Amino acid sequence: MKCILLTILLTANAIGFSQQELSEYKDIEGIYITTHWGDIDVNGTDGQEEVFNISAIFTDTSKQPKPIDNLSKYLKFEVLKKKLFITARTPKGFESIDIKLNIPSHLFLEIELLKGGNIYVNNMQHGIEINSLNGSVKLDQIGKYALVNAANGEINARFSHIHKDYPISLVTMNGGVTATLPKDTARDLRLISRKNGYVESDFSLETDKKIINLNIKVYAKQPIINTARINGGGALLFLSTENGPLAIKKTKS
Amino acid sequence: MIEVKDEILLDRLKNGDIEILGTLYERYKKQIFNHFLRCTRDYDLSNDLLMETFERVYKYCHSFNLSKKVRPWIFQIAVNLLKDTYKTSNRFESIDKTKVTYTIEAQDTSIDESYKHKQLYNALDQLDPYQRNIISMYYLLEMSYEDIATTENMSINNARIKVCRSLKKLKEILKDLEL
Amino acid sequence: MKNDNTDKDIMDYIDGISDQLNSDRARGEAKVLKQLVSDLKEIPLETINPQADNRFYQFINEKSTNQKSVIYLKRWLPLGLAAASIILLLFVFNYNNSYEDAYRALNSNPDRIRYIYNLNGTELTSTDIDWLQSELKNDVHPNIKVTIVDLLTHHKSKLNQEFYDNLQNESIPSVQMALLDIFESSTHVAISDALLIFSQKEDLDASVRQKANYILSNQ
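Residue numbers (this note's numbering), protein chains in the order written: chain A, 1 to 253; chain B, 1001 to 1179; chain C, 2001 to 2219.
Because the hints were derived from the structure by calculation, they are not lab data.
A hint or two may mislead.
[Said to hold, decoys possible] Lysine to any residue pairs mimicking SDA-like chemistry, simulated, CA-CA at most 20 Å apart:
| hint | chain 1 | residue 1 | chain 2 | residue 2 |
| --- | --- | --- | --- | --- |
| 1 | B | 1069 | A | 89 |
| 2 | A | 183 | A | 200 |
| 3 | A | 76 | A | 41 |
| 4 | B | 1168 | B | 1122 |
| 5 | B | 1168 | B | 1157 |
| 6 | C | 2041 | B | 1121 |
| 7 | A | 115 | B | 1149 |
| 8 | B | 1175 | C | 2034 |
| 9 | C | 2156 | C | 2181 |
| 10 | C | 2156 | A | 227 |
| 11 | B | 1168 | B | 1142 |
| 12 | C | 2137 | B | 1072 |
| 13 | A | 115 | B | 1155 |
| 14 | A | 217 | A | 154 |
| 15 | C | 2041 | B | 1071 |
| 16 | A | 83 | A | 34 |
| 17 | A | 66 | A | 100 |
| 18 | B | 1030 | B | 1052 |
| 19 | B | 1171 | C | 2039 |
| 20 | A | 83 | B | 1062 |
| 21 | B | 1083 | B | 1149 |
| 22 | B | 1059 | C | 2058 |
| 23 | B | 1068 | C | 2171 |
| 24 | C | 2137 | C | 2199 |
| 25 | B | 1059 | C | 2133 |
| 26 | B | 1069 | A | 74 |
| 27 | C | 2201 | B | 1158 |
| 28 | B | 1083 | C | 2139 |
| 29 | B | 1029 | B | 1083 |
| 30 | A | 92 | C | 2005 |
| 31 | C | 2063 | B | 1022 |
| 32 | A | 82 | A | 50 |
| 33 | B | 1030 | B | 1072 |
[Unchecked claim] Heads up, incomplete: computed chain B residues facing chain A, CB under 10 Å, no partners named:
| hint | residue |
| --- | --- |
| 34 | 1005 |
| 35 | 1007 |
| 36 | 1008 |
| 37 | 1012 |
| 38 | 1015 |
| 39 | 1065 |
| 40 | 1067 |
The model shown is predicted, which means the values in this text are computed figures rather than measured ones.
Here a beta-carbon is modelled for each residue, glycine too, at the ideal position from N, C-alpha and C.
So that you can see chain A by itself, here it is in the shape it has in the complex:
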């Protein structure tokens, strides 16, 4: 067993897997991540399982993963007014830094991905704001609200709970947008799909006008632009894409 663990550790080191504890920042209220290229994976931890650490894999322009002895060469950590800012260095060429964070789920999370990479967030409960250029955004078991902007990439957001007064805005240019919500969610919807779209909904919708291809998975040529309500209406749920389908689903309890 020890040999296996040692082998894993050595292999992880060989490909540049380096973990850093972040527990010195435990008093913060939010985390702000800014990177250029690379995937971002954030996992919210809670209760007795609460951990607070970061690891990263660095890949240089020759596409060879390199060992990292010191994360602070590639990532800057700064605390300002109870907010932890993690900023990746300006890349040389197409170097990328894949980041994996395990952080307390009660923190506010903001991510800015300036060039490209996929974003995955799980179990963050206090609101998320994401601005991404190229890559998909997948949010799982998140809470309170989410504001997501992507240029090229689909958005898939699954909420375990939402704050009834906070808007949710999921906007992309190319790709589908899916919001999965608790079944008692009451929202005012703004649905925009400019081309190659259709709308799928598990909720019954009160709409301003007929929705093209509602629950018919056929890509429409005309734009779909509708205002609607679910469960009588409430705060805004804004789903918008230039190119792709929209889906409003119910969480399976």
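On the provided structure of chain A, position chains B and C as indicated by the hints.
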């Protein structure tokens, strides 16, 4: 005295502490004012633009992302304001040299240095407004190529090239002035 | 292209990043330009006259007084008096600025999005439209901007030249696309020129460029 970081100041401004705007003003007013003056050669206008820059800093501080640097953001507001002013007015087509004369602080500089500065000023005057703006962003505001590129809607490499060519042009003008 | 590379190398030399210059001529030129930059930095800065400073500090005082009024109202008036406080605000501030000033008092991005969205269906004056156009230009949050563009879609007839010119200043692809959607269905005279300049920008996303060219070709 330890200087409080810009980002902390801006965070306080965002939370309603408007007095903080004064600290930012004192920190950057000279650079921003001189950038306007170099580009417009008009004291009154430069004062107006300086005032409006900080009005906009106050107005838009809520949208500032604290993960970014404050200084380039403030300078970008100033530079964009100048661009807007260029668009709405033709007053920079010809420079009114009577509006500003170069003031020499004789006690701080030698006569040779004063002459050199005056020549540089004259040469800057003769650059076209666009190149003058680019050079000032580079050496006076010390903006990064990335920030210059964002402001001028060009690539970072192009920003580097534009700065270089503006400097070359300035050098040519200086050479002509010396003849 | 060769000249471009030389220029880049010259700037790297001036900035102290490297001195990989290919020729003695380039090296000579770089040294001269480096000295020029150094000379420029030595030009003493002009001082600002005290009247300008006074004007600025007067502005701070005014804002500080107004702010205290707003904070007082928000803290002490219960929700049931919210309507009364709006009327009071209309006396304190110029009526034409009421939406804008209420917006300024908001602290978070979700609040701002909610506020903008709730303006749908309300009557907006040209001053309100100017304010929204200004927010669109100066705000950096993409989701707020897209919400503003969606709102302005319902007020196309009130959009002015500045709105169309501001396409050039927009760098966020999803916002660019939302703006182009307005352009596509508008007949304003400024559209063609604005689109032509925009479509030739460097670093434009391919989908955005394609859309801009498509609209241009159908003008």
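For each hint, the structure was consulted:
Among the hinted pairs, residue 1069 of chain B with residue 89 of chain A is consistent with the structure: their alpha-carbon atoms are about 14 Å apart, no more than 20 Å. For the given pair, residue 183 of chain A sits about 15 Å from residue 200 of chain A by alpha-carbon distance, which is consistent with the 20 Å threshold. In summary, the hint linking residue 76 of chain A to residue 41 of chain A is supported, as the alpha carbons are separated by about 18 Å, within the 20 Å threshold. Of the pairs offered as hints, the one joining residue 1168 of chain B and residue 1122 of chain B holds, with about 15 Å between alpha carbons and a cut-off of 20 Å not exceeded.
At most 20 Å may separate the alpha-carbon atoms for a hinted pair to count; residue 1168 of chain B and residue 1157 of chain B meet this at roughly 17 Å. As the CA atoms of residue 2041 of chain C and residue 1121 of chain B are separated by approximately 12 Å, the hinted pair is consistent with the 20 Å bound. A C-alpha spacing of about 16 Å is found between residue 115 of chain A and residue 1149 of chain B, which places the hinted pair at or below 20 Å, so the restraint holds. Distance hint between residue 1175 of chain B and residue 2034 of chain C is fulfilled; the C-alpha atoms sit about 16 Å from each other, no more than 20 Å.
Between residue 2156 of chain C and residue 2181 of chain C the alpha-carbon distance is near 11 Å, which keeps this suggested pair within the 20 Å criterion. Annotation: proposed proximity of residue 2156 of chain C to residue 227 of chain A holds, straight-line Cα distance about 18 Å (limit 20 Å). Only pairs whose Cα atoms come within 20 Å are accepted, and residue 1168 of chain B paired with residue 1142 of chain B is accepted, the gap being roughly 18 Å. A C-alpha spacing of about 17 Å is found between residue 2137 of chain C and residue 1072 of chain B, which places the hinted pair at or below 20 Å, so the restraint holds.
For a cut-off of 20 Å, the pair hint linking residue 115 of chain A to residue 1155 of chain B stands: about 14 Å separates their Cα positions. For the proposed pair residue 217 of chain A and residue 154 of chain A, the alpha carbon gap of about 17 Å is at most 20 Å, so the pair holds. With a C-alpha separation of about 18 Å, the suggested pairing of residue 2041 of chain C with residue 1071 of chain B holds against the 20 Å cut-off. Restraint check: the Cα-Cα separation between residue 83 of chain A and residue 34 of chain A comes to about 13 Å, which is no more than 20 Å; the hinted pair holds.
At most 20 Å may separate the alpha-carbon atoms for a hinted pair to count; residue 66 of chain A and residue 100 of chain A meet this at roughly 16 Å. Restraint check for residue 1030 of chain B and residue 1052 of chain B: satisfied, since their Cα atoms lie roughly 14 Å apart, inside the 20 Å limit. Among the hinted pairs, residue 1171 of chain B with residue 2039 of chain C is consistent with the structure: their alpha-carbon atoms are about 11 Å apart, no more than 20 Å. For a cut-off of 20 Å, the pair hint linking residue 83 of chain A to residue 1062 of chain B stands: about 16 Å separates their Cα positions.
Restraint check for residue 1083 of chain B and residue 1149 of chain B: the C-alpha separation of about 14 Å stays at or below 20 Å, so the hint holds. A distance of roughly 16 Å separates the Cα atoms of residue 1059 of chain B and residue 2058 of chain C; the hinted pair therefore holds under the 20 Å criterion. As the CA atoms of residue 1068 of chain B and residue 2171 of chain C are separated by approximately 17 Å, the hinted pair is consistent with the 20 Å bound. The suggested pairing of residue 2137 of chain C with residue 2199 of chain C holds, with an alpha-carbon distance near 19 Å, which does not exceed 20 Å.
Only pairs whose Cα atoms come within 20 Å are accepted, and residue 1059 of chain B paired with residue 2133 of chain C is accepted, the gap being roughly 14 Å. Proposed proximity of residue 1069 of chain B and residue 74 of chain A is supported: the alpha carbons are some 18 Å apart, at most 20 Å. Taking the CA atoms of residue 2201 of chain C and residue 1158 of chain B, the gap is near 12 Å; set against the 20 Å cutoff, the hint holds. Straight-line distance between C-alpha atoms of residue 1083 of chain B and residue 2139 of chain C comes to about 17 Å, which keeps the hinted pair within the 20 Å bound.
About 18 Å separates the Cα atoms of residue 1029 of chain B and residue 1083 of chain B, which keeps this hinted pair within 20 Å; it holds. Between residue 92 of chain A and residue 2005 of chain C the alpha-carbon distance is near 17 Å, which keeps this suggested pair within the 20 Å criterion. Taking the CA atoms of residue 2063 of chain C and residue 1022 of chain B, the gap is near 12 Å; set against the 20 Å cutoff, the hint holds. Distance hint between residue 82 of chain A and residue 50 of chain A is fulfilled; the C-alpha atoms sit about 19 Å from each other, no more than 20 Å.
Distance hint between residue 1030 of chain B and residue 1072 of chain B is fulfilled; the C-alpha atoms sit about 15 Å from each other, no more than 20 Å. The beta carbon of residue 1005 of chain B is positioned within 10 Å of a beta carbon in chain A (closest approach about 7 Å), and the interface hint is therefore held. A cut of 10 Å between beta carbons decides the hint on residue 1007 of chain B: the least distance to chain A is about 5 Å, and the hint holds. The restraint placing residue 1008 of chain B at the interface with chain A holds, with a minimum CB-CB distance near 6 Å, inside the 10 Å limit.
With 10 Å as the threshold, the beta carbon of residue 1012 of chain B comes within range of chain A, its nearest partner Cβ sitting at about 8 Å, so the hint holds. Taking 10 Å as the C-beta contact cut-off toward chain A, the hint placing residue 1015 of chain B at the interface holds, the least distance being around 8 Å. Below 10 Å, beta-carbon pairs count as interface contacts, and residue 1065 of chain B has one with chain A at about 7 Å; its hint therefore holds. Given the 10 Å rule on beta carbons, the hint for residue 1067 of chain B holds: about 4 Å separates it from the nearest Cβ of chain A.
Violated hints are absent here; each numbered hint is respected by the structure.
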